[in-house]
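Hey, can you work out the whole structure from these sequences and the hints?
Just so you know, the protein sequences line up as chains A and B, in that order.
Take the first sequence: its letters are residues 679 to 998, numbered as in the numbering used here.
Take the second sequence: its letters are residues 289 to 586, numbered as in the numbering used here.
These aren't lab readings, by the way, just hints derived from the structure by calculation.
Within a straight-line C-alpha distance of at most 20 Å, the following computed DMTMM-like cross-link-like pairs (lysine to aspartate or glutamate) qualify:
#, chain 1, residue 1, chain 2, residue 2
1, A, Lys952, A, Asp708
2, A, Lys810, B, Glu558
3, A, Lys810, B, Glu556
4, B, Lys385, B, Glu472
5, A, Lys952, A, Glu916
6, A, Lys810, A, Glu916
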Amino acid sequence: MSEITTSPSLPLAVIAAFAVMAVLPLFLSDWIVFLIALALAKGAVVLGVVLLLRGGLISFGHALYFATGAYTVGFLANRFGIGEALVALPLAIIISAVAAAALGVLLTRFRGIYFAMLSLALSMILYTVLIKFYDFSGGTDGLSVRGFTLAGVTSADPALVQYYLVLVLTAAVVYVGARFLASPLGYLMQAVRYNEIRIEYLGASASHAILASYVVSGAVSGLGGALVAYLVGHVSPELAFWVSSGDFVFVAVLGGTGSVFAPLVGSIAFEFVKNYALKFSPNTWQLTLGVFLLLVIYFQPQGLWTLFTRLRVKPRWLRR
Amino acid sequence: MNILPIILLDGITFASWLFLVSAGITFIFGVLRILNVAHGSLYAIGAYVGATFIIRFAGQEQHSWLTLPLLLLAAIVVGLTLGPLIERLFLRRVYGKDEVIGLLTTFALFLILEDVVRLIWGIEPYLVEGPFRLLGRVRIAGIAFAVYPFLLTIIAILAGLLLWFIIHHTWFGRQVTCVITDREMAGALGINVPRIDLMAFALGTFLAALGGAFTAPMMSVEPGMGLSVIVLAFAVVGIGGLGSIGGAALGCTIVGLARATAIQLFPEIELFVIYALMVAVLLWRPQGLFGAIELRKI
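Shown next, in the form of structure tokens:
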């Protein structure tokens, strides 16, 4: 886990990385571009997990907001015939944020392993609801999300439009995340990790900080879920299953909590390892992921991000 | 028709099954402070080893009393081999670190074991219903019940008593209590803490495997069977309070009866009711029914 390290301003490196990703579709084949888009969208959820991890809170139920965002898109497309991203995406963010605010009020009373278990239970409630109420959610079949318009325009190359949509929105999420962590509230979350009682003595409220972080985290995760729904074209209850939550925590630790860009690095690394593990050892891809995770925990416990920050001679743009 | 006996019997047998799985989780958490996500996989491995033993040694018919000790043997074998192996190789490195690290290490083990099970036993389901047929059926209140689930209840009660006896009336149990209360002080007083950790994890593994082995005759043993078990067990230990064996017993009784009631009256909310109960209990008592209140960091 990270020590206190926050970069108040976005390093140029991150802007450069997004610029590089913006020109990638010119050079790379479609499947890699799709994989990157998927990794970025899931990276937004991971960022949500990281915001809480910085306060020492493990949300083992973030699949709840991931699925909420995805199903918002699914419902709008299937039940209301609305495939407009400019309507669906803001709505996904709002609904996830409202859900996070309501559940956050309950969760702020919990810390440590009980926080993890209660968030797990809440996400499993959504999972069982999605599975059992067939008429409402399509049951285990899920809902397919076909058709996709952006500002009323149906694109000739939807994959490319989706890629740039995801890229722009994740860039926005990273910006919001960085601003949040650099705000007094963000610093307060780090303090929550170390000592809550002192925070209270200083006149601040730990539970308010946690609630605010939780709402931002839920909103960001909802957006990630909505983007994944558009990218994959299908939503199913598996999105809310506990293994899905486990994956997000996995990637959060993989990337590290040292920076808002780390979740995206972790997410891209995860998707590629998963993809190649599936390709080269289809029977043991889970085993490969498990071993990968163990190696990271044992030998790189601060996450992959520290591979960059540990460079002895830092380029100027990487210095904080 | 009166459904009360059905609810009671179904609930109790489901509760016994849950107890076997969750007692190990709560015991391991009590000693090692790690919430073992891989516990469901240990349960599945117990079921697979039990099924393999029956197929190997009990003949084609599997229709013999020999099958029951075979299942017990399977659980002991898994507990004595896999338990120490996992503890030594993987868990020992993460004691005393952040809770998220312990959680993720066992999550990694869960991913690994899921595939290991597939590699060893393949994806074809195993059917070993010999012991189930052996015990036949019995009529209670005019309804025919299979006898086998009652055996599960007896085993759960025996396992609970054994655990209680070990903790309260043996030298090992006293040392465990010391380690739970204060690891550092226990070590300073000459207790071999790493050995207690090892034995505690082996005992927890044995309980998971015991649950799996004796469940094997009731269902088809197939990949992914540990997936849903683990969250159910989390619900039970969350309700009962982490680290409390009595809490786990009460938790699984509540969950078992609630689920049986839901199945008979409102089948749609079968699983929903379990997690809703967990949320309700945690909101009412944030440490679970029997959980100890932890001190806040100062």
